[in-house]
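For the sequence shown, UniProt numbering assigns the number 1 to the initial residue and increments by one for each residue that follows.
Everything labelled a hint here was simulated from the structure, so no lab data went into it.
Careful: at least some of the hints might be erroneous.
Now the in silico label distances, taken between C-beta atoms and shown as ranges [unchecked claim]:
id, residue 1, residue 2, range
1, R22, G2, 37 to 43 Å
2, D7, A27, 38 to 44 Å
3, G2, W30, 41 to 47 Å
4, G2, L29, 37 to 43 Å
5, D7, L29, 41 to 47 Å
6, R24, R3, 36 to 42 Å
7, E5, H25, 27 to 33 Å
For each residue, glycine too, the CB sits at the ideal point set by N, CA and C.
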Amino acid sequence: RGRHEADRGRHEADRGRHEADRGRHEAELWNEDIRYMWFPMDPNSVSLG
């Protein structure tokens with residue numbers, strides 16, 4: 001039972017980190033969209049990976 005509690009705690013930590021990564025990724029996508037809208041001819045905005 002003790003190990004189960006520890007596993008659940010680690011899972012919660014992983015989920016929190018995942019939420020943070022997703023938020024940062026969405027912010028990066030938003031910044032990409034803004035840069036593309038304002039500078040459509042910018043060669044940096046053409047490289048979409």
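Sort out which numbered hints this structure fails and list those numbers smallest first.
1, 2, 5, 6
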